[in-house]
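Each chain, letter by letter, is given below.
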Amino acid sequence: MSAKWRRVQAWDREHLTGVLTPVRLIIGALSTITLAVVLLVGISLYSVLASVPIGMLALGLTWLMYIAVCMAAVAVPALGLAALGRALVKKQAPRFVATIAAILTGGIAGALVWVQWIWPALRFDEVYGTGFRLFPQFVAAYQGTTLRRLPAFEMTELEFYAWWPMQAMLILFVTNMIVATIRRIEFKFVNIGVLTVHTGIVTIAVGSLYYQVFKQEGDTLLVASSTGGVGQAQQAFFDREDPALWVNAGMGWEQRPLGGKLPRYNDYSLLAGTAGVIEPIQPELEPGRPLRIETRRRDASIVPEDITLSIVGYATYAEPATMLIEQDPPRSDPRPVRRVFFVIDRFPEGMPMPAGAPPISPDEPQRFAFLLQPDRPNASVVDLSQMSVQSWRGIESERWAMLADESTLGGPVSVTITVPAAAASITLTSGDLRRPVEVADSGWTVTLEQVLPEPPFPIVTEGYRDTTSSVAMVRVEPPEGAGEPFTRWVYHRFPEISQDILDDTLDDGRPNRRDPDPAIDIHFIDQSQLFQVYLNEHTRSDRVDLIVRWDDGLIVREGLRGGDRVQLPYEGLSFEVGTRWADVIERERPIPVPAIDQEGDFIGRHDRAMMAVEVSTVDADWSRTVWLPFARYSDLPDLRASTQRRVELPDGRWLALVFGRVQQRLPGFQLRLIDFEMLAYDHRGAPRDYQSLVRVEPLPDSTRPSMPYDHVTKLNAPLKAPFLWSDSRPLVSNLVGEILSHLQPTQFKFSQAGWDRQGWEESQELVDQGLLERPAARFTILGVGNNPGIHVIALGGVLMGVGIPWAFYVKPWLLRRKKLRIQRELAEATSNPAARPAEPATPARQTETIGAPS
Amino acid sequence: MMHAIVRLTLVAVLLGSCAPAASQIDGNAHPESQPLTAATAERTFPFGQPPTRSAMDVTDKHAFAQAVELEPLRDLAVSHNGRVKILDTLARETVQQLTGRDGYFDVGVPDDEGRRPKLHYDPLFTLVDLVVDTGYYVDKPLLSVGYLPLRRSFLEAAFPENPDSIEGWMRLTRIAPGMVAAFGEAMWARHEAKEPYREALLRLDGRMALFAGSINNWLVVAPDSTEDQWHHLGESGLHAELAALNRSLGDAWRAGDADAVNSAVALLAELLPTIHAEQYPTTRRSLEMAYNRTNAFEWGFWLYLFSLISLVLAFGTRRRWVSGLGYAFFGLGLAMHSFGFVVRCIISERFAIQNQFESMAGLSFFGAVVGLAAAIKLRQPIFIAASAGLGFLLLMTATQTGMPGEVVEREAAILNTSVLLKYHVTTVLVSYGLITLGLMISLFYLAAYYGAKLKGSGAETVSLAAASVAPDAATPGEGDAPKRPGLARTLADLDTAHMTVLQLAFWTLGVGILLGAWWADHSWGRWWAFDPKETWAMITWIVYLIVIHLRMTGIKNKALVTAWLSVVGFFIMLWTYFGVNLLLPGLHAYA
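Chains A and B are the protein sequences, given in the same order. When you read off a place in the first sequence, starting at 1, and then add 1, the result is the number in our numbering. When you read off a place in the second sequence, starting at 1, and then add 23, the result is the number in our numbering.
Hints in this document: simulated from the structure, not taken from any laboratory. Please note that a few of the clues may not be correct.
Stated by the list, open to error - From the structure, some residues in chain B lie toward chain A, with a derived Cβ separation under 10 Å:
hint: 1; residue: 140
hint: 2; residue: 142
hint: 3; residue: 221
hint: 4; residue: 242
Said to hold, decoys possible - With beta-carbon atoms standing in for the labels, derived distance ranges:
hint: 5; chain 1: A; residue 1: 73; chain 2: B; residue 2: 305; range: 36 to 44 Å
hint: 6; chain 1: B; residue 1: 318; chain 2: A; residue 2: 726; range: 49 to 57 Å
hint: 7; chain 1: A; residue 1: 431; chain 2: B; residue 2: 294; range: 34 to 42 Å
hint: 8; chain 1: A; residue 1: 454; chain 2: B; residue 2: 218; range: 49 to 57 Å
To be verified - BS3-like, lysine-lysine: derived pairs with alpha carbons at most 30 Å apart:
hint: 9; chain 1: A; residue 1: 819; chain 2: B; residue 2: 476
hint: 10; chain 1: A; residue 1: 216; chain 2: A; residue 2: 262
hint: 11; chain 1: B; residue 1: 163; chain 2: A; residue 2: 5
hint: 12; chain 1: B; residue 1: 476; chain 2: B; residue 2: 581
hint: 13; chain 1: B; residue 1: 217; chain 2: A; residue 2: 820
hint: 14; chain 1: A; residue 1: 721; chain 2: B; residue 2: 141
hint: 15; chain 1: A; residue 1: 819; chain 2: A; residue 2: 5
hint: 16; chain 1: A; residue 1: 820; chain 2: B; residue 2: 581
hint: 17; chain 1: B; residue 1: 445; chain 2: A; residue 2: 189
hint: 18; chain 1: A; residue 1: 262; chain 2: A; residue 2: 5
hint: 19; chain 1: B; residue 1: 445; chain 2: B; residue 2: 581
hint: 20; chain 1: B; residue 1: 163; chain 2: B; residue 2: 141
hint: 21; chain 1: A; residue 1: 715; chain 2: A; residue 2: 216
hint: 22; chain 1: A; residue 1: 820; chain 2: A; residue 2: 189
hint: 23; chain 1: A; residue 1: 216; chain 2: A; residue 2: 721
hint: 24; chain 1: B; residue 1: 579; chain 2: A; residue 2: 715
hint: 25; chain 1: A; residue 1: 721; chain 2: A; residue 2: 189
hint: 26; chain 1: B; residue 1: 476; chain 2: B; residue 2: 445
hint: 27; chain 1: B; residue 1: 581; chain 2: A; residue 2: 189
hint: 28; chain 1: A; residue 1: 819; chain 2: B; residue 2: 579
hint: 29; chain 1: B; residue 1: 141; chain 2: B; residue 2: 217
hint: 30; chain 1: A; residue 1: 819; chain 2: B; residue 2: 400
hint: 31; chain 1: A; residue 1: 820; chain 2: B; residue 2: 163
hint: 32; chain 1: B; residue 1: 141; chain 2: A; residue 2: 92
hint: 33; chain 1: B; residue 1: 400; chain 2: B; residue 2: 163
hint: 34; chain 1: A; residue 1: 5; chain 2: B; residue 2: 476
hint: 35; chain 1: A; residue 1: 5; chain 2: A; residue 2: 715
hint: 36; chain 1: A; residue 1: 216; chain 2: B; residue 2: 445
hint: 37; chain 1: A; residue 1: 91; chain 2: B; residue 2: 476
This one's a predicted model, so the numbers in the text were calculated from it and none came from an experiment. Glycine included, each C-beta is placed from N, C-alpha and C at the ideal position.
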């Protein structure tokens with residue numbers, strides 16, 4: 002206890018009495034080191050809660066028990082043997098050696114026992130649940146979930162640390178330190194160390210406050226020029242964390258910041274916007290908690306006043322999926338959908354079970370439901386490998402008749418060729434492969450060259466993308482004078498897109514294609530599966546015709562309606578016609594990605610999130626909910642186009658919406674990418690650095706004498722703007738500018754943060770082929786941040802760094818020197834009483850704790 | 024002109040599909056480890072297409088392995104995983120990756136007494152054999168499966184009604200590539216949803232890919248410039264003489280003709296360094312060879328252990344020759360440690376403290392050096408014993424527990440380009456070393472305190488501690504505490520030594536954190552982001568801040584509380600050092 006502290010306490014007891022007693026108590030508490038220790042422990046515990054998943058904290062108890070058992074396993078034999086050794090050996094030195102040897106032997110033996118038997122028995126197996134673990138379910142559920150991620154918090158790390166409990170502890174700690182310093186520590190030269198350290202901490206606290214108020218950070222993407230010159234100007238950057246809803250009502254884009262209101266880590270209202278959905282949402286899907294965030298309309302908003310936008314759902318990590326919503330009344334150009342079922346009472350022997358199919362019980366027939374959209378080729382087919390269903394609406398009668406024709410049965414392939422002019426027709430089968438056959442006496446010769454399960458190239462015909470079909474390639478040789486030979490590609494599922502491939506090629510080497518020659522009709526039926534079902538929806542009613550084909554038989558039923566069932570040629574298997582919807586529309590909805598498949602880097606960053614926005618009008622009783630995927634750089638036209646969703650209002654107006662981030666303007670300047678380079682280790686090893694050559698220039702409507710200038714920014718060499726030290730300015734001007742730039746919130750640093758790996762690698766391949774001179778990137782990403790008050794914080798750091806060694810090493814040295822001097826003087830005084838010092842040093846000062854900072 | 028058009032077209036096409044960009048800072052993580060070099064069409068099998076079935080059985084193979092002389096190949100250069108290394112290193116890494124062990128071994132045919140001998144192989148032999156006689160390994164225990172339930176699943180599928188075989192293979196800890204080929208898909212289908220299985224299957228897939236494609240790693244022909252990649256041994260049209268030599272080596276190998284193999288190996292080892300000799304490394308190959316052969320870090324921890332034991336015995340028995348032995352062991356250990364550390368810095372072409380393994384080797388090195396300096400300055404041998412304990416613990420952990428980073432790889436780009444960061448990392452590691460040193464001294468203190476307490480007067484334990492602090496009674500520590508008899512003096516001196524170390528640790532950790540903040544501000548644009556590593560470094564620092572301030576409060580037995588807090592601080596530092604890196608995501612991905 003210092004003399005000053007005793008004086009201060011005495012003064013307090015004397016003057017702070019009566020009504021001032023609470024003041025004395027508070028000041029007294031704020032002067033204690035105990036409070037500082039308590040606060041430091043509190044700050045540490047808060048930080049633990051912020052950074053360690055709660056499941057892991059719970060797991061810590063189990064690990065403590067593991068460690069306790071391990072220590073016991075090692076210590077018991079070690080100490081037991083040691084006791085035995087000590088009992089047997091009496092002489093001191095040998096006994097010590099025996100004790101150490103016994104401890105080592107016993108410890109190693111205990112460790113082996115632990116490894117061989119105890120640990121295998123204790124170790125918890127997550128799959129089988131064997132072994133020992135406290136709260137296994139809690140641990141499994143929250144192994145990666147920190148407290149701040151729970152629905153009650155939904156905070157980022159920075160938000161959690163900026164929350165009031167932490168702020169309160171920090172303020173109290175700094176106050177405690179200031180009060181204790183003033184009231185307990187003598188303001189003497191010898192104590193300059195501890196005073197410097199404490200001043201440093203206060204300086205850091207003050208600097209951090211300023212820093213936190215004005216700090217901005219995010220990133221910006223600079224696009225390279227498409228002509229090899231300077232890239233397009235970038236005048237803004239996106240905030241690092243804060244999401245925004247971007248809205249365009251036809252007059253340009255407007256952002257509505259969502260701040261800390263939008264969740265990050267949990268799902269909310271996953272079923273938003275699914276009213277009227279005709280397919281069942283996964284029954285196991287947890288819809289999550291309700292959510293409703295009203296977006297705030299600014300005064301200068303360019304979005305009409307009567308339109309309100311609310312966030313009504315959030316999926317933290319999801320894949321977009323399409324759902325079908327019934328449209329009632331149907332539109333003028335409806336899109337019908339039919340549900341059909343395969344019903345299995347008993348699974349036929351030898352037929353493979355569909356993947357994921359549940360076991361079949363005779364008492365509970367399994368029904369596998371499928372949706373068919375006859376007007377959408379890519380949604381009109383259900384293919385289950387051994388069986389398939391295809392649906393049309395108003396099929397060509399000729400095609401239907403051919404499917405219903407028993408003469409086309411009898412093998413895996415049936416190709417019917419007709420020459421209308423000669424009324425000649427033949428049917429080829431797989432036995433006719435590569436054998437030229439004349440079509441009756443028509444003069445046309447055909448050869449079934451090959452039948453492929455899938456076309457050699459993807460189908461690119463508009464409306465048929467993402468579809469596939471088996472294809473028969475038939476070589477056709479017309480009679481003399483009727484044209485050149487060609488090969489017809491006939492698709493089993495989509496005969497309407499059949500094409501003739503001529504023998505010559507186009508100038509660019511591509512095959513010369515044309516529409517099928519009408520002089521010869523070719524129909525291909527692939528019946529390689531166990532059976533096929535064909536449906537033809539009636540155009541004027543909800544009835545449907547049906548054909549079931551198998552290798553040696555077929556069933557034809559007409560005018561079926563919902564609920565009708567047709568027995569398939571395998572016992573225990575039937576086909577049921579289900580409900581038909583006259584018109585549906587497609588909407589997006591999120592499908593949550595299982596935790597096991599989520600990438601940790603994207604959690605809590607919105608990158609894989611979807612947000613549901615409800616658009617409603619004040620006047621009309623109307624609303625629509627639309628799910629939006631996230632766009633990290635919503636200023637990129639292509640990315641914005643692919644992630645924006647358009648909502649049509651009943652009165653003909655429309656809105657385009659994007660889920661992005663808050664965008665901030667750069668203060669008075671803009672950036673352009675001139676060049677980017679990835680610097681690799683020798684022999685094209687791993688990346689060694691990344692560098693972007695960037696031009697900083699004033700905005701078109703502003704002038705800055707120091708601009709434009711070009712600067713290379715690298716991983717550890719950021720670009721600074723608008724102020725940059727320049728040799729062309731006087732030193733004083735540079736110094737003043739440098740100091741001010743670190744206080745002003747408008748000074749920014751741009752750090753290399755991302756690059757276009759894919760573009761670089763692709764262009765590197767072209768370089769290797771000699772087609773390009775050097776690899777190129779399409780863009781670079783720069784981290785953006787201002788650093789207001791960083792020099793104040795740095796000053797605090799320097800004070801701490803300097804003050805600690807003073808307190809630990811210089812102060813004790815000064816005290817020792819002083820003590821020796823006093824001892825010398827005392828010794829001299831003893832031998833020469835005339836030289837005795839006037840006031841001997843007090844013992845308290847002499848033995849002041851060495852190394853203690855006070 | 025044509026190039027310009029192509030370039031414009033390319034850029035226009037690329038811009039048309041400008042992709043969403045990366046979300047994390049690029050260059051902030053270590054370059055992705057690529058144990059297997061990507062295959063290209065131009066590469067063929069340099070040693071000839073390996074047959075699907077080997078002509079050799081287990082006995083023949085082992086005899087052949089004994090007969091061939093592969094030393095000339097050992098220090099040939101190979102470009103692999105982002106750096107040029109020697110074949111010996113590639114062989115060690117490949118075998119370690121495949122088998123989870125330092126070397127491949129098989130079990131031979133039973134002898135007269137029914138015992139099956141273990142047949143060990145040089146990793147370099149295995150590396151060559153894997154590409155020349157691949158078929159031999161299809162049914163051999165090659166691929167390590169650490170997750171027991173998965174290993175058992177494979178073996179139960181492979182030996183459905185043969186529990187003896189299952190148990191025999193279970194003990195080998197490895198399974199055969201043929202089992203993975205036969206049952207791998209079924210295992211994925213059955214276990215994919217279970218995290219431990221999934222991780223184990225992913226690792227197994229990596230091993231299987233390395234087994235099947237290790238030939239792709241043979242980039243042993245130097246290019247003519249640093250801009251170009253190294254050439255593959257089987258690259259067509261590269262070097263006619265080389266191709267013929269490779270072929271003859273492969274044919275002789277498969278025929279089991281050891282003499283022909285040896286002469287082909289010698290010729291190959293002569294020829295390769297002459298191709299683009301100006302690009303072919305020389306001194307670094309020798310250094311890497313020396314690094315591999317010495318196993319300096321392993322020898323280091325053994326020597327530190329002997330030193331620790333000797334010094335503890337010396338303190339207890341007061342035999343000077345035993346303490347001399349302890350100092351000698353310590354000196355040798357430190358020499359080996361220094362050699363390993365310096366050579367690793369040279370072959371990795373950087374200050375080698377940038378992954379878990381290196382930082383442990385570096386941390387223990389700094390701790391040992393500081394401990395030695397403190398022992399000399401303060402004349403307290405306790406620091407030598409503590410340094411030996413620190414060196415033993417950390418080097419053993421680094422070398423014996425599969426610590427990530429033992430393989431020398433390229434560093435993260437963000438580390439490569441900052442001098443400031445090297446000071447930050449070094450300072451923090453020094454502080455960690457001091458914290459560990461502090462733990463050692465606190466353990467001595469606790470042993471002395473509780474040993475004495477258990478015994479009442481505390482005869483040997485006290486003398487141990489007393490001797491450890493001041494074996495020469497005439498040489499007290501610099502604590503300047505009044506001379507006290509027996510236990511009290513011992514504990515006081517230990518406390519002084521302890522505080523000396525902790526104060527230094529507190530300061531260096533604080534400075535290290537501030538240097539890190541400076542660098543983070545410079546490079547990441549934010550001096551403090553509450554990244555888990557930052558948070559836990561702060562918590563560690565707070566523990567020692569509490570230690571220092573608690574000593575100014577009125578608590579009883581401050582030294583004992585300090586000792587216990589030192590133990591707590593050490594474990595918190597351990598968590599900051601390992602747990603945070605391995606278990607908590609953050610910006611310090613490289614740490």
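Check the hint pairing residue 476 of chain B with residue 581 of chain B against an upper bound of 30 Å on the C-alpha distance.
17 Å, holds
Under the criterion that the straight-line Cα-Cα distance not exceed 30 Å, is the pair residue 217 of chain B, residue 820 of chain A satisfied?
The hint is violated at about 70 Å.
Hinted pair residue 445 of chain B and residue 189 of chain A, Cα distance within 30 Å
37 Å, violated
Measure nothing beyond the straight line between the CA atoms of residue 216 of chain A and residue 262 of chain A; if it is 30 Å or shorter, mark the hint as holding.
The given pair, whose Cα atoms are some 20 Å apart, holds under the 30 Å limit.
Is residue 721 of chain A within 30 Å of residue 189 of chain A, Cα to Cα?
42 Å, violated
Verify the CB-CB distance for residue 318 of chain B and residue 726 of chain A against the hinted window 49 to 57 Å.
50 Å, holds
Regarding the hint that residue 142 of chain B lies at the interface with chain A, is the smallest CB-CB distance below 10 Å?
Hint on residue 142 of chain B: violated, closest Cβ of chain A at ~26 Å, above 10 Å.
Within 30 Å, alpha carbon to alpha carbon, are residue 820 of chain A and residue 163 of chain B?
Judged against 30 Å, a Cα distance of about 77 Å means the pair is violated.
Given the proposed pairing of residue 400 of chain B with residue 163 of chain B, does the C-alpha separation stay at or below 30 Å?
58 Å, violated
Residue 5 of chain A and residue 476 of chain B were given as a pair; does the straight-line alpha-carbon distance stay at or below 30 Å?
38 Å, violated
Under the criterion that the straight-line Cα-Cα distance not exceed 30 Å, is the pair residue 476 of chain B, residue 445 of chain B satisfied?
46 Å, violated
Does the structure keep residue 581 of chain B and residue 189 of chain A at a Cα separation of 30 Å or less?
Holds, at about 26 Å.
In summary, the numbered hints that this structure violates are 1, 2, 5, 7, 8, 9, 11, 13, 14, 17, 18, 19, 24, 25, 26, 29, 31, 32, 33, 34, 35.
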